[in-house]
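My request is simple: use the sequences and hints to build the entire structure.
Chains as they are written, first to last, in numbering that gives the first Met the number 0: chain A, 0 to 314; chain B, 0 to 272.
If you are wondering where the hints come from, they were derived from the structure by calculation, not from laboratory data. The beta-carbon is built from N, C-alpha and C at its ideal position, and this holds for glycine as well. Nothing false has been slipped in among the hints.
Below, computed lysine-lysine pairings styled on DSS-like, alpha-carbon distance capped at 30 angstroms: (1) B:K269 <-> A:K214; (2) B:K270 <-> A:K68; (3) B:K269 <-> A:K68; (4) A:K138 <-> B:K270; (5) B:K270 <-> A:K20; (6) B:K96 <-> A:K82; (7) B:K18 <-> A:K136; (8) B:K96 <-> A:K78; (9) A:K133 <-> B:K96; (10) B:K96 <-> A:K142; (11) A:K21 <-> B:K269; (12) B:K96 <-> A:K134; (13) B:K96 <-> A:K20; (14) B:K96 <-> A:K176; (15) A:K186 <-> A:K142; (16) B:K18 <-> A:K142; (17) B:K269 <-> A:K78; (18) B:K270 <-> A:K214; (19) A:K266 <-> A:K234; (20) B:K96 <-> A:K125; (21) A:K136 <-> B:K176; (22) A:K117 <-> A:K176.
What the simulated footprint calls covered on chain A by chain B, stretch by stretch (three residues with Cβ under 8 angstroms from a Cβ of chain B suffice, anywhere in the stretch; the number is not a length): (23) 47-58; (24) 83-94.
Taking beta-carbon pairs under 10 angstroms as the criterion, some of the chain A residues facing chain B (in silico): (25) K12; (26) Y14; (27) F61; (28) V79; (29) F104; (30) F105; (31) S107; (32) S109; (33) G110; (34) G149; (35) Q152; (36) A153; (37) F162; (38) D164.
Letter by letter, the chains look like this.
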Amino acid sequence: MDFNAIETTGLAKTYTSSFGKKTVSALNNFTLQIPKGMIFGLLGPNGAGKTTLIKLLLGITFPTAGSAKILGEDISNFKVKSKIGYLPENHKYPAYLTGGQVLHFFGSLSGMTGDNLKTRIDELLKIVKLEEWKKTKVKNYSKGMMQRLGLAQAMLNDPELIFLDEPTDGVDPIGRKEIRDLLIDLKHQGKTIFLNSHILSEVELITDRVGILNKGKLLKEGNVKELTARKEEYKIRFESGNEYLLSPELMEKYSLAKTNDGYYSLKITNSNDLDKIVDELRAKGLTIRELVQQKDTLEDMFISLINEAEKENKQ
Amino acid sequence: MNNIWIMTWYTLREAMARKVFISFLIISALVLIFMLVIFGSNTSIDIVAGMKNAKLNLPMEQIVSQLELLIISPLTGLCILLSIFASASFIPIMLEKGNIDILLSKPVSRDQLLLGKFFGGLLVVLLNIAFLVLGVWLIISIKFSFWNLSFLWTILLVTFTFAILYSLIVLISVITKGSTFGMMVAYLIYLILSPVLHLANNNIDMFTSSTVVKSVVKIFYYIIPQTSEVSGTITRNLALGNAVDSYQPIWISLIFLVLTMGIAISVFRKKDF
Ligand SMILES: Nc1ncnc2c1ncn2[C@@H]1O[C@H](COP(=O)(O)OP(=O)(O)O)[C@@H](O)[C@H]1O
Ligand SMILES: [Mg+2]
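Okay, here's the thing in structure tokens:
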């Protein structure tokens, strides 16, 4: 049972237009392992290849190179999908069905039957707050309701692994918060969640790990905390009335600079120096009240990464 | 198997949500009600009496089955025309972005999805035709106390005619993801190519003496499914209980259907969405 939820090796997809003239390299030599039980966020600007990756993993599109496994099974085995849930980015449901019937249809296709399916449908409609809309035709649903129905559809078969493509698209802020809470809840149930998004601030709030994708290339992958940490930058706050002890020489030595909020920023070249600096400051009689590592937002990191990649492309 | 059945069942439901199929059911129902009114009144006996008086001297079974066919024929033609129109969008709707994505994320094979849609279309037409034919058959059989069982062949043959055309619609819509082209080709074959080739092949010597032209006509005659004969002479002969000259059009059309669906499935298996 000790396998990754998702494993890809050199996965690639090149779309060829119908006339074979133009090709688009949507995904390039994509290798990644995602362990079970976490929320993974794949970030990237529009057209980066995020949707393509999910489609490859689900057998909706076929790779031009490489291979992949989900839940330990090769992606060519369609049976593994009984343990998978998926919310596509622009999902459509048979317009002639009601919300309840849509769930019944997809539930049946997932192999669910009878009372088991019926109770599950009611349970999910309640979770996504659509109980009262169960008997309304989906063609009368609003965008936000469609999104919530989509989430219910994706969770129907109690999947081990859930793919969500831009799940908060078209959802109001309260709905977004509800979706985030729902995803955290699912994680606590031991599910693995794979999330595509271009809304970084949101992903930051719930994901354990993120990958940054640009033009089909995985630029970076890692823990959100690690990725956003600015390694050599700290913020220090001294005991008030203590600061006069900071001599200009000392300030210069460690390039300490006072910031607007009463903190001092500290830049070092080697993190091992931190202890030494603290010792020296304390030896001067300064009392340190706070020392924090500076952080980028995911967005800062993202923008600088993409810019770097663009520069490299030009060279 | 179960997955195919689920797809078939929901295709039937999708069809029933369409005005076209419901309209046809209503037309059928009106025809049946009209027949009940006519044959329910005493005047109706006059039809048979009239035929007898006119010294047509047809046997009862001939009168009954001719009458049945007379009522049915224009309606089955209409049924096929409407069914082509209504079913041409089954596959394109399934292939729409956002819809196919969800279907393919379920533990269902692509073969099952496509076969389910195919059988779903057939089931709709089968039910529509069965309702009409059985209704007409029951009313006339009770009225004249003559049960012409062979008339029921029409149900199968009309459905089969539709199946041939529908397989082509399925193939074309898998390739183009649209409904227009498939629909046009189906109409072209059913209304023009098949009847014309049938006629040309039967009277080939009247048109030309060139062996090249003759072979070209022959080749097309065998390549294009022979819906004109299947839904025309063969249906007629079987319904009347007559001998059928040749079942060859059935076999050739069946091979066409199986090949077309085979190609459709193999194209669908490799298709990116
Ligand atoms: N079916 C397709 N045919 C041709 N090109 C495609 C197709 N799907 C996606 N692409 C192209 O592949 C690239 C990646 O698209 P996509 O995976 O949808 O990106 P994202 O989800 O990150 O916005 C884009 O340049 C897009 O235009
Ligand atoms: Mg996308």
